[in-house]
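Asker: The residues making up each chain are set out below.
2 protein chains.
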Amino acid sequence: MAVYTDIGFEELQGLLAGYEIGTPLTFKGIAEGVENSNFYLQTDRGAFIVTLYEKRVRTDDLPFFLGLMEHLAERGISCPLPVRARNGAQSFTLKDRSGAILTFLNGVSLRKPEAAHCAAAGRALAELHRAGSGFALRRPNALGPDGWRELANATHARADAVERNLGGLIGEALADLTKNWPRDLPGGVIHADLFPDNVLFMQENVSGLIDFYFACDDMYAYDLAVTLNSWCFEPDGAYNITKSKALIAAYQSGRPLTAEEQAALPLLMRGAALRFLLTRLYDWLNPDPNALVRPKDPRDYAKRLRFHLKVKQASEYGL
Amino acid sequence: MAVYTDIGFEELQGLLAGYEIGTPLTFKGIAEGVENSNFYLQTDRGAFIVTLYEKRVRTDDLPFFLGLMEHLAERGISCPLPVRARNGAQSFTLKDRSGAILTFLNGVSLRKPEAAHCAAAGRALAELHRAGSGFALRRPNALGPDGWRELANATHARADAVERNLGGLIGEALADLTKNWPRDLPGGVIHADLFPDNVLFMQENVSGLIDFYFACDDMYAYDLAVTLNSWCFEPDGAYNITKSKALIAAYQSGRPLTAEEQAALPLLMRGAALRFLLTRLYDWLNPDPNALVRPKDPRDYAKRLRFHLKVKQASEYGL
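In order, the protein sequence lines correspond to chains X and R.
Sequential numbering from 1324 applies to the first sequence in the numbering used here.
Sequential numbering from 1324 applies to the second sequence in the numbering used here.
Since the hints were made in silico from the structure, they are not lab data.
Computed from a prediction, not measured in an experiment: that's the story for all the values here.
You may find that some hints are simply not true.
In this list, chains with the same sequence are indistinguishable; a pair is considered to hold if it fits within one copy or across any two.
Unchecked claim - Capping the alpha-carbon separation at 16 Å, the derived lysine to aspartate or glutamate pairs in EDC-like fashion look like this:
(1) Lys1502 - Glu1437
(2) Lys1435 - Glu1333
(3) Lys1633 - Asp1367
(4) Lys1635 - Glu1486
(5) Lys1635 - Asp1483
(6) Lys1633 - Glu1495
(7) Lys1619 - Asp1383
(8) Lys1502 - Glu1450
(9) Lys1633 - Glu1343
(10) Lys1502 - Glu1557
(11) Lys1502 - Glu1527
(12) Lys1378 - Glu1343
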């Protein structure tokens, strides 16, 4: 086991001198997230996560991410709350990296969520969208259509070596999405990565939402599409309409979809599938020799995209 | 971040059905140890470590390791206690690996222990030696002189590429040690790897001893030599006589050394340095492509061995 950047206990002590969070009892590197270095810290006052942000999280974006978690936590969303240092700072610098101390949330993420869990995730997503309104900072979605085009160009030459006609699939989907991508649907702060890994459960209840490092401003219904893509496909590639119905209905109980959002759902589902197909394909073709985790197979999302291309209307998602 | 072998929450639930340790609240892979897969588990009844043993720990040795921890814990040593399943088993099999659930100990390991910490470690080592007596199982030390010879042979051809004349240093030290290695010093169960990583502290007190997966039967004073080698050298390679004095005196307050043990200390110090030099050299020359941690530089222990070769008598260690 390893972390990208280790923190020794003596370094932790130096860091904690700037905080009022008690005396450390336990401090361990943990396998949380894909690219940052994370540590579990227990003190006599509570449990915390200490994160060092590695290259993928830009220091310039930290005020947005950390400020958003503070905003959401203040509005009752169970998400990590950045602990401010004595001097008021939300982040620190250690070993040439920015870092933050956040409250630790109990709960476990599921590998095989059932319909009730999907419903709980949908409800939590709607609550997140509502709670995010009024947050003062803005962050454009770097992984929208323009970002997809960059990734498509960067992967085009080798896409077909990963799967036959993958380049063609991406090219056609991108052309369609670029032309028809909606611009006027309701939007605000979205999580943009609410996979099952990022939702903690205590039994069938959501106990926490984590990993806000893709959060940005975009259409709410796109966030729903990302969530449906990651919660409602079975390991064999089948779309589980029971889970989808449960997730959408629970979402709508918190935030009803407009007629325009409903009509746009198939398009948004294709966009969400393309986004993860492209980032996974890029990471697959450009593996980081220092990475501690293997890149995820992009073909899962190619399969999802092909499924969505056959969908004629939103009702096929159980809407 | 990653673990060698991951355990999903649903797999954990299946496993916990065989135990009476409560409902899981948190379950996370952690960076503990070098080669096993370890998970932090918190339930409503307490905190635990779930370990899957990867290749370096042989399943045949588990009854010794787990039985020893149980034996020591019953005698007041603060070490992980293997939790028995409902059916009495100390270990389980999951994903083709043996595993165990152990109680979690609070405390932090130090990168820069001071003399007071060295004394606490020495005291804990003596207590460990005393508490181990009466343990029924036996396990020969696979990393004694015979094991060193195998490693020396396996690394000889490429040793000098790591450091000039390293092969010569190893060959001479091995010849001397093989000829003079003591056979009749007091012995019993030893930890054999009591590095600072494996001693947990709460302030200046030892709160736990961990990682018993090199434990075996051997000479007590050799265990002291392993501990002195790993606690008393400064990062610049200097031997810190203040720390050494403190560690030895504290050890002797719990278990006084015999005159023969005292006289053998320089030889044992060379043996302990050679043992870690050889295993690190082997791992350095044969890196595991699946390893998540970089091999440790063997030259640190070559430097220590050279230091010990200049020592004329035990008093130079502060004895």
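Asker: Each hint needs a verdict: does it hold in this structure or not?
Answerer: Comparing the hints with the structure gives:
{"no.": "1", "hint": "Lys1502 - Glu1437", "verdict": "neither (36 Å within a copy, 66 Å between copies)"}
{"no.": "2", "hint": "Lys1435 - Glu1333", "verdict": "between (40 Å within a copy, 7 Å between copies)"}
{"no.": "3", "hint": "Lys1633 - Asp1367", "verdict": "neither (56 Å within a copy, 47 Å between copies)"}
{"no.": "4", "hint": "Lys1635 - Glu1486", "verdict": "neither (25 Å within a copy, 68 Å between copies)"}
{"no.": "5", "hint": "Lys1635 - Asp1483", "verdict": "neither (27 Å within a copy, 69 Å between copies)"}
{"no.": "6", "hint": "Lys1633 - Glu1495", "verdict": "within (14 Å within a copy, 74 Å between copies)"}
{"no.": "7", "hint": "Lys1619 - Asp1383", "verdict": "neither (27 Å within a copy, 35 Å between copies)"}
{"no.": "8", "hint": "Lys1502 - Glu1450", "verdict": "neither (31 Å within a copy, 74 Å between copies)"}
{"no.": "9", "hint": "Lys1633 - Glu1343", "verdict": "neither (56 Å within a copy, 49 Å between copies)"}
{"no.": "10", "hint": "Lys1502 - Glu1557", "verdict": "neither (30 Å within a copy, 65 Å between copies)"}
{"no.": "11", "hint": "Lys1502 - Glu1527", "verdict": "neither (40 Å within a copy, 66 Å between copies)"}
{"no.": "12", "hint": "Lys1378 - Glu1343", "verdict": "neither (28 Å within a copy, 43 Å between copies)"}
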